[in-house]
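For chain A, the structure is supplied; the task is to place chains B and C on it using the hints.
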Amino acid sequence: MAFPGLLNYWFVVILMMIGFFIVIAHGNLVKKIVGLNVFQISVFLFYITMGKVDGGSAPILAEGIEVYSNPLPHVLILTAIVVGVATTALGLALVVRINESYGTIEEDEIGAMEDDA
Amino acid sequence: MLALLVVTVIAAVRSTDLFAAAILFGIYSFLTAILFMDLDAVDVAFTEAAVGAGVSTVLLLSTLRLTGRYEQRHKHSPALPLVVVGLTGAALVYGMTDAPDFGDPEAPAHTHVAKRYIEDGPRETGVPNMVTGVLASYRGYDTLGEVFVVFTAGLAVMMLLGTRVRGGRSSGREAIGDLLVLRVVGKVLIAFVMLFGLYVQFHGDYGAGGGFQAGVIFATALIVYDLVFGEADARRVMPHIWTERLIAIGILIYLGVGVAGMLLGGPFLDYSKLATDPVKGEHLGILLVEFGIGVAVFGAVMSIFNAFSGLRLPSEGGRDDV
Amino acid sequence: MIFQHLPILQILIPLLAAPLALLLRTPLLSWALALVASWASLAVSVALLLRVLAEGVVVYELGDWAAPWGIEYRIDALNGFVLIIISLIGAIVVPYAKRSVEAEVQDRRIYLFYTMLLLCMSGLLGITITGDAFNLFVFLEVSSLSTYVLISLGRDRRALIAAYRYLIVGTIGATFYIIGVGLLYMSTGSLNIGDLARLVPALADNRTVQAGMAFLTLGLSIKAAVFPLHLWLPNAYTYAPSAVTVFLAATATKVAVYALIRVVFTIFGGVDLFEAFGVHTTLMMMAIVAMFVGSIVAVYQGNIKRMLAYSSIAQIGYIILGLSFDSVTGVTAGIVHLFNHALTKGGLFMAMGCIALVAGSVRLDDMAGLGKRMPVTMAAFVAGGLSLIGVPLTVGFVSKWYLIKAALEQGSMLIAMLIVLSSLIAVAYVWRVVEVAYFRDPPDGDTAVREAPVSMLVPMLILVGASVYFGIDASTTLDIAGAAAAALMGVGG
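If you're matching them up, the sequences are chains A, B and C in order. Residue 35 in the numbering used here is what sits at position 35 of the first sequence, and the numbering runs on without skipping anything. Just add 1000 to the spot in the second sequence (first one is 1) and you have the numbering used here. Just add 2000 to the spot in the third sequence (first one is 1) and you have the numbering used here.
Since the hints were made in silico from the structure, they are not lab data. Every residue gets a Cβ at the ideal spot worked out from N, C-alpha and C, and that includes glycine. Heads up, a few of these hints could be off.
As the list claims (entries may be wrong) - Facing chain A, from chain C, some residues (calculated, C-beta under 7 Å):
no.: 1; residue: 2134
no.: 2; residue: 2141
no.: 3; residue: 2145
no.: 4; residue: 2157
no.: 5; residue: 2163
no.: 6; residue: 2167
no.: 7; residue: 2171
no.: 8; residue: 2175
no.: 9; residue: 2179
no.: 10; residue: 2182
no.: 11; residue: 2186
no.: 12; residue: 2293
no.: 13; residue: 2296
no.: 14; residue: 2299
Stated by the list, open to error - Listed below are the simulated EDC-like cross-link pairs for lysine to aspartate or glutamate, each with C-alpha atoms no more than 20 Å apart in a straight line:
no.: 15; chain 1: B; residue 1: 1115; chain 2: A; residue 2: 63
no.: 16; chain 1: B; residue 1: 1115; chain 2: A; residue 2: 107
no.: 17; chain 1: B; residue 1: 1115; chain 2: A; residue 2: 54
no.: 18; chain 1: B; residue 1: 1273; chain 2: B; residue 2: 1124
As the list claims (entries may be wrong) - What follows is a set of in silico ranges between Cβ atoms, one per label pair, in the way DEER data are often shown:
no.: 19; chain 1: B; residue 1: 1082; chain 2: A; residue 2: 114; range: 25 to 33 Å
no.: 20; chain 1: B; residue 1: 1245; chain 2: C; residue 2: 2473; range: 46 to 54 Å
no.: 21; chain 1: A; residue 1: 10; chain 2: C; residue 2: 2281; range: 29 to 37 Å
no.: 22; chain 1: A; residue 1: 108; chain 2: C; residue 2: 2366; range: 25 to 33 Å
no.: 23; chain 1: B; residue 1: 1237; chain 2: C; residue 2: 2032; range: 33 to 41 Å
In isolation and in its complexed conformation, chain A is listed as follows (with noise of 0.2 Å):
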């Protein structure tokens, strides 16, 4: 099969595997979000890897270049991180919000919380 060729894509795909793990898996909510983050950076990855010409360079007309790589994919994923990071930082406020009300960020002890309510 084509293994070799794709064995960047292989990578990729660990990578972003990790991080949804780690956002589903664990309790505590600054750690979501870092495994959200780490999960939307390697789908960045993914389509920068995508973006990659053999031989090619950067996408900014120089001379005596003749083979660019792909400026699409860089295109979107700059505005993929930064509406990553909005998100990121939108997240960060809630849970700030949430531990002044609850005094915690682990979800097995807010639930906990919720319930006796």
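Just chains B and C now, kept in the frame of chain A:
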């Protein structure tokens, strides 16, 4: 390289010291940025380093300051998450098997839409950085949406964490302490950073850079000032109400350029109408729009920083209700 | 000139209003601006739909770059219809929100609230009107981020948790969506929806494309609260401020379903997916489970907002059921229910907002005797409830009727009966409220009529009235939905 990334991430997962996890995350992000460089994505690398390794890590640390450093040991079995992750991973692997080889220049991704951006982009937009050309012109509407995301986030954090400084003002000496070294180095550093920010902003069409990166860099300069010289002085330079207003102003600049294109006869965001020579018009539009982005991003990052840093722990003094 | 720029005005108006509302800073002015912007948007969306019905698909190229190199708006009967849903609800919620928000959000923050609401509206409109798959993501995030914040403004501290959970789940959904777009781009090189529709059929056996479809569908299903990915919804609806719940319940999931329709029927329309993967049967089963589970769980809720939230999950099940029939009748049923449910749930949650304002609680136990104390509100609630059940003369009936028709067309008596059965369960949960409100005495025997303010009653009555009006005369909505369905299915062949 990739293996290094995996190792870092796994370390971050297993660590229950969240401070360490945050730093490891910063390293992960930075390594990714280096990888991006290797994959020819210079603008992306720049942004990832500034925004991912920079802003995100700082935000994480600011949060941890307020919420506590350690994570509880987990009692649940990871069985269900593992199953979900396993299925998802399997689906992805399945999908990848038909993918074009890494780097293949004949892949559809490179031969269809992107071809024009590379071959005609610099000529049609007047800008040699193809990424800037696509970002600010061909897909300028996407970028507008992105600026609105920044707007929303800045606003959201302001709404959640309050727009006033809580717990009393800190005078010029507070934040890091009154060290002569810091003040001297700080002054030089800040000036240099600002200059660099300007360079990135206005040279972004020729080299790597552009509005987002510039906005973040500028904000960094001001944040350093805030940390070294204290909040009160920083607020005199840039009052909080202005950071709020700058976000709106930056966006209005962007929208304004778009509307100008409309008034001059083209559809929204058509820059070619802005000058008699359509290519010059494109170039002008791109510069203006990038400037708007820079202003808006600066305002947003400052607002977010102010919101997070304005909070005090109960032990550090009272908290006004917001 | 306005005419030619109509499509962009749809987005530009709320988009411009948002930063302006931020600069205006006072509660009253920002509310007034939101009012003007939302009504103007409604006018634009009506004009747009009329144009689409007259001329066919309307295209607008942003930046004057033709697709697929640039981003284009592409408006047909389907999204023209959805645009109206969003702007209509927006236009009705803003007047309603004035008193509701004043009671539930601090004065200092009210201008931020309206700015956020305008952003959310822009995001939702942006998703609906765009013809570019990645652009959809960007506006999806604009609407999502603003939604998370709006939810978190609820008075109960559980609003914060609900917002956080929704943020995590929603971002996972958005990331899945982006993975899907990436996979599709990898195999086709395009991001434009129309272009993808053209290129995908030839690649139907390509595993990357198949995986792409899976991720796109999963991501959007999370946002649309399709069972079993609906877990974020009940808490989000329950703890958000009343006006926010009204707006969200009537728009957010509808837009996500619209996006789902676009992916499944437009992009993958040329592929005989439904047969190939048993997607059709899986969706149908999930929908039926949603219909029942949602309704049954609703019966046991003590918090009426939460009850209505579970009811929404069931109603989304009906919509998905209609889509899974893969026939013009079925898809028409699904589309028309987007509109009908928006009216019904919007009205119901408005009633809940009135109750929250006057009675101070949304728990069933606290609603004793409300039929006497708040006659107008409760009457509206009953009307909405009847529509949920699907009683004739309400919009709910129209949707169910078409669903049953679609089932019978495919020869499935069983499904038709399941539809009726689940509707009967709705009777149970509506009756609970009616019983407490009308047949129990108010506490302290206090029968004085104290209704919600007129600014809240009128919008509520408009929505409820519409749900009756369009139930009696459904020809317009059915025509539009039918045209949309035919266009979609026409692509699929």
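Structure-based check of each hint:
1. 2134: Hint holds; residue 2134 of chain C Cβ to chain A Cβ min 6 Å, cut 7 Å.
2. 2141: Interface hint status for residue 2141 of chain C: holds (5 Å vs cutoff 7 Å).
3. 2145: It holds, given that the least Cβ distance between residue 2145 of chain C and chain A is near 6 Å, below 7 Å.
4. 2157: Holds, because the Cβ-Cβ distance from residue 2157 of chain C to chain A comes to roughly 4 Å (cut-off 7 Å).
5. 2163: Holds. Min distance 6 Å.
6. 2167: For residue 2167 of chain C, the interface hint holds, since the closest Cβ of chain A sits about 5 Å away, which is under 7 Å.
7. 2171: It holds, given that the least Cβ distance between residue 2171 of chain C and chain A is near 5 Å, below 7 Å.
8. 2175: 6 Å, holds
9. 2179: 6 Å, holds
10. 2182: 5 Å, holds
11. 2186: 5 Å, holds
12. 2293: 22 Å, violated
13. 2296: With Cβ-Cβ at 22 Å, over 7 Å, it is violated.
14. 2299: For residue 2299 of chain C, the interface hint is violated, since the closest Cβ of chain A sits about 21 Å away, which is over 7 Å.
15. B:1115 <-> A:63: Cα-Cα ~18 Å, so holds.
16. B:1115 <-> A:107: It is violated: about 48 Å lies between the C-alpha atoms, which goes past 20 Å.
17. B:1115 <-> A:54: 15 Å, holds
18. B:1273 <-> B:1124: 13 Å, holds
19. B:1082 <-> A:114: 25 to 33 Å: 26 Å, holds
20. B:1245 <-> C:2473: 46 to 54 Å: 49 Å, holds
21. A:10 <-> C:2281: 29 to 37 Å: Between residue 10 of chain A and residue 2281 of chain C, where Cβ atoms are some 33 Å apart, the hint holds.
22. A:108 <-> C:2366: 25 to 33 Å: 31 Å, holds
23. B:1237 <-> C:2032: 33 to 41 Å: 34 Å, holds
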